[in-house]
Every structure is written in structure tokens, then in C-alpha cells.
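Start from the sequences, fold in the hints, and give me the full structure.
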Amino acid sequence: MTNLKLPAWAGWAMALGLALFIGMVALSVRRNHGVKRSLFATPYTLWMMIFTILPCILIGYYALTDANGRLTLDNFRSFWDSNYIMRENLRAVAGDEMAATVARGSVNVDTLVYSLWMAFLCTVVSLVLGYPAALFMADRKMKLGSTLVVLFIIPMWMNFLLRTIAWMSLLEDNGLINAFFDWVGMGRVQLMYNQEAVLLGMVYNFLPFMVFPIYTSLSKMDPKLAEAAQDLGCNSFRTLYKVTMPLSLPGVISGITMVFMPSVTTFFIPRVLGGGNTRMFGDLIESTFKTAGDWNLGSALSLIMMILILISLSILRKADPNGEGGGII
Amino acid sequence: MSQEPRMIHLENISKEYDGVTVLDDINLYIRKKEFVTLLGPSGCGKTTTLRIIGGFEYPTTGRVLFEGKDITDIPPYKRRVNTVFQKYALFPHLNVRDNIAFGLKIKKMSRAEIDKRVDKMLNLVNMNGYGKRSVDSLSGGQQQRIAIARSLVNEPEVLLLDEPLGALDLKLRKEMQLELKSMQQQLGITFLYVTHDQEEALTMSDTIVVMNTGHILQIGTPKTIYDEPANAFVANFIGESNIIRGTMIKDELVSFCGVDFPCVDSGFGENAPVDVVIRPEDIMILGEDIGQLTGTVKSVLFKGVHYEMMIDSGDFTWKVHSTTMQPIGSRVGLSVVPFNIHIMHPMKEEAK
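These protein sequence lines map, in sequence, to chains P and W. Each residue of the first sequence is one higher than the one before, starting from 1 at the first, in our numbering. Each residue of the second sequence is one higher than the one before, starting from 1001 at the first, in our numbering.
Everything labelled a hint here was simulated from the structure, so no lab data went into it. Where is the CB? At the ideal position from N, CA and C, for every residue including glycine. Certain hints may be false.
Which residues of chain W face chain P? A few of them, derived with a C-beta cut under 8 Å, are [said to hold, decoys possible]: (1) ILE1074; (2) PRO1076; (3) ASN1082; (4) THR1083; (5) PHE1085; (6) LYS1108; (7) ASN1154; (8) PHE1302; (9) LYS1303; (10) GLY1304.
FRET-style restraints, in silico, Cβ to Cβ [unchecked claim]: (11) P:MET48 / W:MET1109: 54 to 64 Å; (12) P:GLN195 / W:ARG1063: 55 to 65 Å; (13) W:GLU1067 / P:LYS143: 31 to 41 Å; (14) W:ASN1123 / P:ARG37: 34 to 44 Å; (15) P:VAL128 / W:GLU1179: 19 to 29 Å; (16) W:LYS1132 / P:GLY275: 23 to 33 Å; (17) W:LYS1105 / P:LEU151: 35 to 45 Å; (18) W:SER1255 / P:LYS143: 56 to 66 Å; (19) P:LYS143 / W:ALA1167: 30 to 40 Å; (20) P:LEU151 / W:GLU1155: 23 to 33 Å.
This is the structure:
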């Protein structure tokens, strides 16, 4: 990477961390007169430190510094107002009067709001489509249920980039669907490069993450409970509403988490199916890092994203305090 | 037998799963206010019978009548019966009070009426003050009580109970047996009870229906079933028995172990093969030379009230219950009074 701009202290910090770590392992071996079982966790701890904790620290560092490594909150101001730096530069050159003519740039905030809205839509659609599918799959009386489980799993064996690109060949102007429309005489329709196509791609990719947690919680449910509800006077619909749905709530919450979180940070899907007409926060972060090469603003955007995710997680965790939805949260 | 009207009538009920016959032509009726027990080993079809009455299974052939009306096609939620499930099936997302009130809320009863009835039920099952508790925090016995209350609060015409005491320890089970029986008498509700525990069946029932491999083997009062088992299976399943192949020489004379015994049964024909059933407590141990049979004591077990001895008479090893112990290896005489010798038609092999 040409634009890798590690802070000067990063090398020292890593060396110190490694030394500390090796020291602790050595101390543990000595104190326990041999290898303790927890020592086998060392590779994982090391892995986590290098690839999770260290990047988090670096993101925090970049977000709070400028290109010269000075502490600053400018990156967060730039998030709120994308013209902030430009205006300040103008102020230095041409004075306050000229600076005042530069309006607030809301592109970053707008993209975030739009991403949240798309993620919300994607979650709702996935839930509406996924819940009946999960119900169907978990129904022991349906012989098709287990087949459906396999059908849902098989596409997941393929990389999601491939699957998204496959959608292109279906939706594009010369694609399969349009060929069909043409054949029945309806004429070709613009299916791609709009918000609906992006939503379709997102739902398609994230639907299994909604279905499986719900399916798990439904199939763990004692079928006798549904029978008890019927015995006490509930018809099928009321049984669903009064017993099955409340008991599958942990699965629903876990499904919402697993769809909403990655939906907000989606990138690539909007680029392929949205054709640049729709931009989501994931794309914004990516282009800030790679195209603009602004690691500091990119980190600030990532940090904001992470904080938002943590807040939503803690709200969802309140709704499912036992973590019964498969322990995903 | 009581002359109450028939509540439930099963007519020629058969049930097959994937070609395997689970119930084969069951005919049975249950009278109002009767306590009927379906008794049999696991897999005998007793639970399936109960589920057909509850509406959770559909019979392959036959009809279910409720007060004379065909309810075979009526879904469970429209039947005037309630079920107490084997493992209670209490709703984990509702507290004790809401579990009991569940059926009443479905019926859109007024808040005040629901509260009144639920309180009455909590009182009946001795669970006052537990209304706000979560069902997971209750012991097995308490959950059982709530399950019973949840069913009874709907004032069903018939209560179906599927091995409701199976998960409880012995002492609690005995207590609950008595409580259930007194509840049934107090409320005047028809109970249909499923169990594999013969003692439970004998204690609680007005009528016992003994089932095996999808057939009804015998229907009768506990006393009839115990004293006059219809065949060797029933004799063996209800209490302990010695079952031995014998020959009916003529009326009131049967031969087994090479000895002729006077008995009280007749009508089997002459020189007919029969099964002879003798209860362990009906065999008397006498001096070596005065018994009808002689044997050697092979083993002795102390069972609390009595000793259980295995006594080998050459052709057959008898299980004998007696309050006096005979030492292992001693020679004893065995004798049975005619009244305690039960003669039965030999069982068809498939029914065993």
C-alpha cells in the first residue's frame, strides 16, 4: 500500500505489546509449573490482538488526528459538514466573508441516513419474507421443509460477489428477465441502476441471515406448546400470534441484528446493481480510504459506524437478555 | 356400573402411520363423571387414543362421538375437552396467572370474571400466591398443578390427562394421585387418564382399559381387572403373577406341573390347553409333605411388607410373597386354594 501512514509510535507499540504478551505467557507457564489449558488459546488471542484490537486502536487514532498526526476533531466536523476543510482553507486565504459563502455539505450525513433507511427497508422485507419461510421449514409435518433448508443453504456456499454479479445478468437490459419480457411482447424495462435493484440485491444476500436464526428458535420450540394453545381454544392463526411468535422472538431479534448490521455497511451491491446512482455508507467509507486516500476522515466515518452499531446492539440485547437467539449477539 | 350417559364413544377407531397399525379397531365408551384409565406399556396406542379424542390426530378409520354427535372432523380448539400434557407444555413466555388465564382470554371473558376464576383455580391446586411467578421457577410438582389448573379453568366436559405424573418422584406422585382423584369427584368432571403405571391405574380409576399393541385387551373395574384378568398379558401387567401353561381336564379341574388342581372355572371344554395365572400372594407355603407341590427355595428378597421368594418345583419356578421367610435351600410345600387359581384362554402369540 502506497498510502499506508502508520503513526511513528505504531512499531514501538507493537513490539511492546508482543513483548508483554510473551512475558505473560512465560510467567503463566512458570507459575503453573507447566502448560495450562488456557495457554492453547494463545494463537487466538494473538490473532484477535493483531486483526481486531490493533485495527480498532488505529481507527481511533486516525479518527482523532489530522494528516500530520496532530490531535483534532476536524474529521468529525467534516463528517457533519463535508465542506468544512474547504471553508477553513478559504478562510485562511480570503477571509471570513468569503468563507461564509461556502454552504454546509451534507453528503456524508445524507449517505448515512440513506444507508440506515435502506438497511431498515432490507430488514423489514427480509423479516416479512423470512418469517413464513422459517415457519414452513420448521414445521415437522411438512416434508418439503428440510428440502427448503438445503435450498436456502446452497447459495450461501457461493461467494456473495458472484451471486450479486449473477443478478446483473438477470436484470440488465439484455438480461434474462428483459429477454423474457421482450419475448412476451411487453418490451424491455429498465430494471437495474435504481434503488429497487439495490434493495433486491441486499434482501437476496441477507435473507438467509434472517431465516436461519428464526428457523433455529422455531425448531427448538416444543410442538406440544402449539398443541396446548389449540387445546385451549386457539385456531391456527391465534396459535401463531399468541404462542409461536412470542416464543420465536429471540430468533427474530437475532435475525434483525444479523441483517440490519451488515446492511448498513453494505458496499459493492449498490455499485453493481445501483450503478453509482445510489451510494451507501459502506461505499463512502471505502472511497474515502481508497479514492480520496483520506485515512483520517475514513476512520472517523468508520468510528461513527461502529458506535451506531454498538448502540443498536445494546438496544437489541435489552430485548433478548438471555441471548437465546443462538448466541449471535 | 353407573348409569350416567355416555360422553365419549369411540367407534371402530384404527390408526396407521406409514402403513404401521398403531390402533386396531378400538371400541370404547366413557360415561359422564367416570374416571377412566388407559393402561398399557409404551407403544400400546394409549396416547394415540387420547390424541384422537383431543383432536390432535385423525383416525385412519372410525368415528369419535361426543354426547352422540360425530366430532371426528372438529378441530381441537372447538372440542369441549382439555388436555393435560405429559411434560405440562406450560407457556414459558407467560407467568403462572397468564398461563391459567390463557383459555379464558381466548374466550374473551371479562377481566373480573377471569381474575375470579383464576384465583379459584390457584386455590384448588394449592398454589395461592404463585400467580406472578414465572413457570420456569416452579418445581415439577408445581408446574403439574398449574398445567391441571390451566385445563380445569375452562370447565371442560372431559379432561384428558397424558401421563401427567410421569415426571414426578414417587412420594409426590402418590400425593398427586389422591389430589387428582378428589378434584375429579369434587368437580364432577369426566377424566380420561393415560398411564403405564398399573398401581396408579388401580388407585385412581373407576374403569381401567388395558391396551397392548393397538388392541383393547380388557375393560373393567380395578378389582375385576386384578382378580379376573382376561388373559396372561393383563395378569402379568397388572401386578405380579405366575403364569404357567396347563390343561383343563374338565370343568373345575386343571392340571399343571403334573398335578391336578381343583379350581372354580368352567366352560373351557375337556383336555383344553389353557394359561393358569396365580398371584404370588395367593400361594401358601406349608410343610414339605402337606403341599400340593413341593419345591426348593432358590432366592429370598426382602420387600418391606413381605418377602419375595423364588421356589423351584421342578417344572416351574414360582414367585411367592409371604410375610414369613424360608431360608434358601429349604424344601417347602406349596398350595393354592381353588378360588385363587385363574384359568384363561391361551394368548395368541402376537398379543404378547
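Hints, verified against the model:
Annotation: interface hint on ILE1074 of chain W violated; nearest CB of chain P at approximately 12 Å, more than 8 Å. For PRO1076 of chain W, the shortest C-beta to C-beta distance to chain P is roughly 4 Å, which falls under 8 Å, so the interface hint holds. Interface hint status for ASN1082 of chain W: upheld, as the beta-carbon distance to the closest one in chain P is roughly 6 Å, under 8 Å. A least Cβ separation of about 5 Å between THR1083 of chain W and chain P falls short of the 8 Å threshold, and the interface hint therefore holds.
A hinted interface residue such as PHE1085 of chain W counts as satisfied when its beta carbon comes closer than 8 Å to some beta carbon of chain P; here the least separation is about 5 Å, so the hint holds. The closest approach between the C-beta of LYS1108 of chain W and any C-beta of chain P is roughly 10 Å, which is over the 8 Å cut-off, so the hint fails. Hint status for ASN1154 of chain W: holds, given a least beta-carbon distance of 7 Å to chain P, under 8 Å. Taking 8 Å as the C-beta contact cut-off toward chain P, the hint placing PHE1302 of chain W at the interface is violated, the least distance being around 42 Å.
Among the interface hints, the one on LYS1303 of chain W is violated; its C-beta lies about 37 Å from the nearest C-beta in chain P, farther than the 8 Å criterion. Annotation: interface hint on GLY1304 of chain W violated; nearest CB of chain P at approximately 37 Å, more than 8 Å. Between MET48 of chain P and MET1109 of chain W the CB atoms are about 57 Å apart, so this pair conforms to the stated range of 54 to 64 Å. Remark: the range hint 55 to 65 Å for GLN195 of chain P to ARG1063 of chain W is upheld by a beta-carbon distance near 59 Å.
At about 37 Å, the CB distance of GLU1067 of chain W to LYS143 of chain P agrees with the hint of 31 to 41 Å. For ASN1123 of chain W paired with ARG37 of chain P, a C-beta distance near 54 Å fails the hint of 34 to 44 Å. Checked against the given bound of 19 to 29 Å, the beta carbons of VAL128 of chain P and GLU1179 of chain W, roughly 48 Å apart, lie outside it. A hinted range of 23 to 33 Å is violated for the C-beta pair LYS1132 of chain W and GLY275 of chain P, which are about 58 Å apart.
The given range of 35 to 45 Å is respected by LYS1105 of chain W and LEU151 of chain P, whose C-beta atoms sit roughly 39 Å from each other. A hinted range of 56 to 66 Å holds for the C-beta pair SER1255 of chain W and LYS143 of chain P, which are about 58 Å apart. Separation of LYS143 of chain P from ALA1167 of chain W is about 32 Å and conforms to the stated range, judged on CB atoms against 30 to 40 Å. The hint said 23 to 33 Å for the Cβ distance between LEU151 of chain P and GLU1155 of chain W, and at roughly 47 Å that hint is violated.
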